Amino acid sequence: MIFIPIIGAAVALLLGRAGDKVVKGFTLAVSLVTLGIALNVFVNILQTGAGANYSFVEGPISWIPAFSGVDYYLGVDGLSAPLVLISAVLTVLVVFGSFDLITTRIKEYYALILIFEGAVIGVFTSLNLIFFYVFWELVLIPMFFFIGIWGGPRRKYAAMKFIIFTYVGSAIMLLGFLGLYFFTSPNTFNMPDLARLALNGGIPFWLQGLVAVATFVGFGVKLPVVPFHTWLPDAHVEAPAPISVFLAGVMLKMGGYGFLRVNLQILPEVSTQYAWIFIAFGIVTMFYGALVALVQKDIKRMVALTSINHMGFVLLGGFSGNLFGISGAIFQMFNHAAAIGLLFMLSGYIHEQAGTRDVTMLRGLRFTMPRTAVLVILGSLAGMGAPIFSTFISEYMVIIGAISVNPIYAVVVLVPGITAGYFMWVVRRTVMSQPKEELHQHDLSRFSALTLSVYLIPLIILLIFPSLLLSIVDPLSRSVVAALGGA
Amino acid sequence: MDLPIYLTGVLAGGALLILVAEAVSGGKAKKALPGYISLGTILVSIGLIFLTQISPAFSLTTSHSVFRNDLLGVFFSIVVLAVSALVAASSIDYVKTIGNSAAYNSLLLFTALGMVLLAFAADLLMIIVAWELMSLPTYMLTGFRKNDPDSTEASVKYFILGAFSTGVLLYAVSLVYLLAGSTNIATAVLALQELAPEFNPIAILAVSLLVAGFGLKMSVVPFHMWIPDAYEGAPPTVAALLSAATKKAAFAVAVRVFVVALPFFQLEWTTAFAILAVATMTLGNIAALTQKVISRMLAYSSIAQAGYILIGLAVAPYAQSTPIGLIGVLFHSFTHGVMQATAFIAVAAVSLRIAKPSLDSYNGLGLRMPVTAFTLTIALLGLAGVPPLNGFWSKLVLFSAAVEAGNAVWWGGWLALAGILNTGFSLGYYAWVIKRMYLDDPEEAGRLKESFGLTGVLVAAALIIIITGIFPAPIYEFAENASLAISSAATAVAPS
Chain A
1 MIFIPIIGAA VALLLGRAGD KVVKGFTLAV SLVTLGIALN VFVNILQTGA GANYSFVEGP
61 ISWIPAFSGV DYYLGVDGLS APLVLISAVL TVLVVFGSFD LITTRIKEYY ALILIFEGAV
121 IGVFTSLNLI FFYVFWELVL IPMFFFIGIW GGPRRKYAAM KFIIFTYVGS AIMLLGFLGL
181 YFFTSPNTFN MPDLARLALN GGIPFWLQGL VAVATFVGFG VKLPVVPFHT WLPDAHVEAP
241 APISVFLAGV MLKMGGYGFL RVNLQILPEV STQYAWIFIA FGIVTMFYGA LVALVQKDIK
301 RMVALTSINH MGFVLLGGFS GNLFGISGAI FQMFNHAAAI GLLFMLSGYI HEQAGTRDVT
361 MLRGLRFTMP RTAVLVILGS LAGMGAPIFS TFISEYMVII GAISVNPIYA VVVLVPGITA
421 GYFMWVVRRT VMSQPKEELH QHDLSRFSAL TLSVYLIPLI ILLIFPSLLL SIVDPLSRSV
481 VAALGGA
Chain B
1 MDLPIYLTGV LAGGALLILV AEAVSGGKAK KALPGYISLG TILVSIGLIF LTQISPAFSL
61 TTSHSVFRND LLGVFFSIVV LAVSALVAAS SIDYVKTIGN SAAYNSLLLF TALGMVLLAF
121 AADLLMIIVA WELMSLPTYM LTGFRKNDPD STEASVKYFI LGAFSTGVLL YAVSLVYLLA
181 GSTNIATAVL ALQELAPEFN PIAILAVSLL VAGFGLKMSV VPFHMWIPDA YEGAPPTVAA
241 LLSAATKKAA FAVAVRVFVV ALPFFQLEWT TAFAILAVAT MTLGNIAALT QKVISRMLAY
301 SSIAQAGYIL IGLAVAPYAQ STPIGLIGVL FHSFTHGVMQ ATAFIAVAAV SLRIAKPSLD
361 SYNGLGLRMP VTAFTLTIAL LGLAGVPPLN GFWSKLVLFS AAVEAGNAVW WGGWLALAGI
421 LNTGFSLGYY AWVIKRMYLD DPEEAGRLKE SFGLTGVLVA AALIIIITGI FPAPIYEFAE
481 NASLAISSAA TAVAPS
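Order-wise, the sequence lines are chains A and B. As numbered in the working numbering, residues 1 to 487 make up the first sequence, in order. As numbered in the working numbering, residues 1 to 496 make up the second sequence, in order.
No wet-lab data here; the hints were simulated from the structure. Wrong hints could be hidden among the right ones.
Think about it this way: if two alpha-carbon atoms lie no more than 27 Å apart in a straight line, the pair counts; the simulated BS3-like pairs of lysine-lysine are [what the hints assert, rightly or not]: (1) B:LYS449 x B:LYS96; (2) A:LYS161 x B:LYS292; (3) B:LYS157 x B:LYS292; (4) B:LYS435 x A:LYS156; (5) A:LYS161 x B:LYS435; (6) B:LYS292 x A:LYS156.
Being a predicted model, the structure only gives us computed values, none of them experimental.
If we strip away everything but chain B, and leave its shape as in the complex, we get (with noise of 0.2 Å):
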């Protein structure tokens, strides 16, 4: 359990380090100064988990401590510290419109420990703190513009929402400790097997509070309202890291929690999943057909992509051979986060360049912003699933998976087909924006000018879609090991 804790120094050093550097300087360090302190962090972090050794897999005897150091931690990890790095690497440009880099660059470090410390955690007590480490400094970001009342609204309603998710997720906890006597969560799942029928209720209360609190942040049907408001108040960076990151970090804790534990009730809990994956992807995708602001397109887009995950989750008990529905929970974690990300980052890139941003003012920006326009449009085409982008090869594995299910539930089939319809209607949107940057004539005419960071991040972004989308072997094996690593605990656990 070395790996979190060197990662905690260094994450909250390099935090810590932004802040005291601020200060000592009065101010009068170089404005990209924080920035690069903590896009360095983030890099020595990745470095770190790399050079570390992987402590066996996740198993329910001899799991008895706070943090788990396996392949599943390793994978969630590295997935929002791409995302982490992706951000702070392009907020170092854009945070020079708003000022005061030094706290947005320390506060997002937080985030991003908050994020690690969560994908490691292994003890629903460290979740809750994890989770809202990861929180705090988020609400701070999005209302980071601090002057733009969209912003700061956006910002106090995900508080509210975050605050109250909190809460169930605490209420959740303390019924598990009532009926198993232990907040470590193969401690608590070995001594719920012995449970006495008569506390099943509020066994089942207690999941559902867990699922209503994690939801919020995976951005699931019915916990979805505060995403598109917070995603558009806040800055584009900053939207890239909520949804391309913590929500992540938010699947990392679900799988962990609901792989291990849900074997116990899983007829009812994989039949609500699937029904939560499909009103997630339906209602997401459907609004997000008549968006007018981009990153409320999007916002909705990253909803639909949620319920695309979901389904992973609702079919990974039924996997026979090789647990394909976790791996492509965790594939699509992977490249969504990078897809998202990159949307976000162009948009900000866009946001740098025209004032107020409506979906109007995209026409014709791939003669204005050839970089900006081009690396969207790889980054749309990647959400829509087309090949041979990486968001092709993670639907697949995904719809996959709910094909394969259809051998031991009536649904699998039918999920596997919701997903497909809508991958086909999100198109819809995606190519509804590709044709505005390509088809449309500019509302106004003349190049503008594309910041040299931000066009560098963009390209590397897009690399890494088209890379992966050629070459997906190696992310799909470090997702099937790290599936296997959680899996076997499940199996271990499932009645027989």
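One chain only, chain A, in its complex shape (with noise of 0.2 Å):
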């Protein structure tokens, strides 16, 4: 499944000589079968229930023989498995969305998009530190492309602040991993076998609490919690708009990735006794990104912004330490992918055909752009939380948890009020209001708006069905709830 893209990709830079349509084609295709194998995956451990343990692993086997625990370990689990799934989804909708919007190098752009798939579902489903951090830096090459080759205005700068950024919180990160390796006996980067070990109390506290200090930089960076932020709005805004999704709806996973693996698996101890401070900081970074984004007059700022309020969420959820929390957090990273990917997508399309993203000139899309507005209605909507999409169940769940551990978490529901607040107020701006004569607009195309509605899709069957996320998510998470009271 990793290796399917990256391959691809070596053979679409091969393509490129035949045509563009040629390796659009291809990507495609190729996105499509990877596509089909998560599918496949998931629905496996959806009928067989078996979310709690990993499946589908292959290895451990091993990578340096001489330097044992380096290994080459792959697997899915009730974690990885909706993670895996939403990014071969995005992968796919992704290359239908460049289709129009990224006219230069064409197969270099297809390549990178491969191995960037690649990368990331390698991430997910890696069970060995090393490998995991491997796939985790391979991640930032093609996006350090993608931000500066065919990114906006001040791509450079995006680009710069974006790697050096990610690679100092990762560099770190690694750190982590080796004193996790040395410090325990036996030896070894095994992510269930680090796991079993916290669970016998074999790693001291002490160690813990550096490692976790060293994750909390490296996951931090990228999910992203409020210090470690800045770089994100200059990222998302700048990369073209179909990276603009890969950004928020799957890199920032990782970072919650990250934490509900490493964190609440390995380093059980000081998620549960120092949860206050990381949920503090997940309620900081909610509110700043809520309220900071309530300021925001670019249409794909505010919505980069919304990204770090609704990542928030992940970080409170998880650390809340309970079923509801857990759950509902992993549930949230799913449905964030869908709708911030749809938001991200129309952003881009806006400003290629009005021109503009400030939502003080974009005026009365409901006439000039009518498939447009109601997409952004809809988008808003699943952007706030409300109840007609399955966001509202993942916020709600996250809230609920975190209500469980302490009543004044509850200060949190106002964020989703903020949220609603600034949607609604960008949805007035530009689509209940009149346009303006001299703007003459081009509406999407049938095709993109039919891709476009895509994104929806799983946020609507979630909606009803949300026994079809949470039948996986709910033994995994079941059992980190044991392993962290058992801690």
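Both chains come to you apart, so use the hints to assemble them.
Set out below in structure tokens:
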């Protein structure tokens, strides 16, 4: 599943001479095949109900036999299956979305997309910390070029800021992994072994604390948590719209995944005793994202900040340490990927068609761009967590999880309120207002509108049948909660 | 001890053959002939190394000869010869612009010979001889563009400091002889164990002088001053040789001398090396950030990389089950050698087309010279330690060694943290070059012709970086065996 896209990338580069259409078609085919495999894995886990354990395990095969612990080791469980699925779905949609929006250096672009997909799936399925880290870093390289080559006017600045921020963060995270390896016995980088070790008290508390600081920097930069978030608005705004979808929909999830996988499973004692620190960071992140989004004029920047706010939910839910919180956090990551993907693509199309993303300049979309207007309204509803989409359920679950830990955390119900406020404001300004005469705008093509609607399908399905996802996630959350309680 | 002798014959023979061929043909032979001869000679030498039987590990009782034909020597001589082969192959095209390729190639072979002998040398006097054999040709090579004042200046500066370092080394060796009555490393170490305590200051002076002398070639701060000037002034292919090969040969000696000899003064020297390591990598990285010329930037980056290798030396005695610090030293010597050579050869390829390359002339290189730019990108990412390239693995091993040493000394973890932060910052300037090549618009448009020979070398080198990145196991194991050869000797003399 990882290697299909990566090999595909090399082939796509070679196909470049055969013409752009061939490259596009080939990339689409590869991403569809990957999606098929991901869906198969997901359904399989759904049917067997094996969410708590790793399925489809490959390895451990020793990578450097003399350096024991560096293994090739893959597997999927209730945490990674939804994320793999949504990554594969988004890749297909991003490929569709790029047909119109990306016009230069076609073959390099699609090759990088496939490398990115492979690397991301590698992150979500690796069960070995070093293997995980290799993919984690591999994600950066395509993203650097995406932002830097195909991005907006300040793309070079954004690309450099992005790569230095995330690279320093993850280098510190690597140090934490090394500490984990050398100060536990037996020495291992394998996550299931480490989790088992943690359960038996094999990882001393001081070590957990140090590693938690290191991984907090690494995962926190990706998620992002508030003091480490400054790269995000720049990167998201400057990246081309399809890549913003990747950034927000997939890359931020890597941070959330890291917190849930490493902190909760391998560092349980710190994660329970000092949960309030993580929760505090989560709440600050949520409020910060929401309040700063409130004053933005650029739609894309606003959407970018919204995703900071939504990722705060993940942190809050994860460290509330109960079933509702953890399942809600995973659910939230899945939903956020779909909702934010739609909003970023919309902002890209609006920019393409209207020449501006400034809320104050966009008027009367319902007359000039009726299809876009409908999608803007639906996307905003999804973004604010209105109860017609499954984002509502996940935010609700996280809030329940948090309140059941400490009623003070109820303050976070304000966040969806603020979010609703600025989305409504945007909708009122852009959709409901009267158009200016001189702006002659063109609407989305039917095809684009159709691909954009696809983002909403999982949100609706999961509103009605949340058990499709939760029955995978819950067994895992249950076992995590049990482990946390036992620690 | 046959292998070093054979190699002497082959390499010196090749070097002389080039000169004779040039004299006989009266300069009428094909211009590229000396280049092919030197490349062939180096490849034959590498082949010889693989064919020859290795004698057992370095041990103190059996090592009274001048050379020691052990795995450590084999490892380092393969590294330096591989780099020399890359340099020789890339010089075939490059030297056409300078002329006098017979002299160039024969000097290159003599340098290679010096480095190989240094890798095998087990006697301090032999080390001095090999050191000079390695250094003298490089002074000339550095000044090879004799009409270019920069090149001459670099050569003179390098020569003066190099001569000084040889003097320091000789003084250190005479002190050792005074104390131990022998210049053979093994005999000297055994004798030093029974040294009367009142001679300790002299012993420490001798060791400090050895560190200073070797440190000059190893580009350790504060002996690094000549490096940026020399690398900038020298032809880029020679800079590749200096930073990727002669530096590694100096590390080979350092490993052989210090790891065996220094357990004697354990506490003082590991802490001193750790401080040197932090100073070297920090200064190298900070200085690299501000450079305007790519060869100076690579020079400072090469200083920083020497700092990473020093981490391995500093923590080597604290390894528990496997000599992981030493493995890191060897492994990183290999990976850094290949990556640094690739980067400088790419610079050479660019300087063939653009007369005075500043960093600005790299703008938009991704479109103008796609292969060169791509391989340079691979090399730079590797130097920054981005997985899955080989530079990541060797740094991982070095930092792991430092973290593991945290069990024994308080500064182990901090050393690893310093290394990791430095790696993070180093991406700042490496990515800056990549940004210029791919994101910025070129100063002048138009594709530049890429020389066929240089492109071939670059692609081959980039493939080595990628393949040993994906399959690091063989080299790691080779480095482990080579380290075991030397560290078993070290534990034999370590005070219990």
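Discussion item. Hint check: LYS435 of chain B vs LYS156 of chain A, CA-CA at most 27 Å. Holds or violated?
Written reply: Between LYS435 of chain B and LYS156 of chain A the Cα gap is close to 7 Å, so the pair holds against 27 Å.
Practice prompt. Sort out whether LYS96 of chain B lies within 27 Å of LYS449 of chain B, counting only the CA atoms.
Written response: holds, 16 Å
Practice prompt. Take a quick look at whether LYS161 of chain A and LYS435 of chain B sit within 27 Å of each other, Cα to Cα.
Written response: holds, 12 Å
Worksheet item: Between LYS161 of chain A and LYS292 of chain B, is the straight-line Cα distance small enough, at 27 Å or below?
Response: holds, 20 Å
Worksheet entry | Agreement of LYS292 of chain B and LYS156 of chain A with the hint, judged by alpha carbon distance not exceeding 27 Å | Cα-Cα ~19 Å, so holds.
Discussion item. What's the verdict on LYS157 of chain B and LYS292 of chain B, does the C-alpha distance respect the 27 Å limit or exceed it?
Written reply: holds, 21 Å
Violated hints for the displayed structure: none, as all numbered hints are satisfied.
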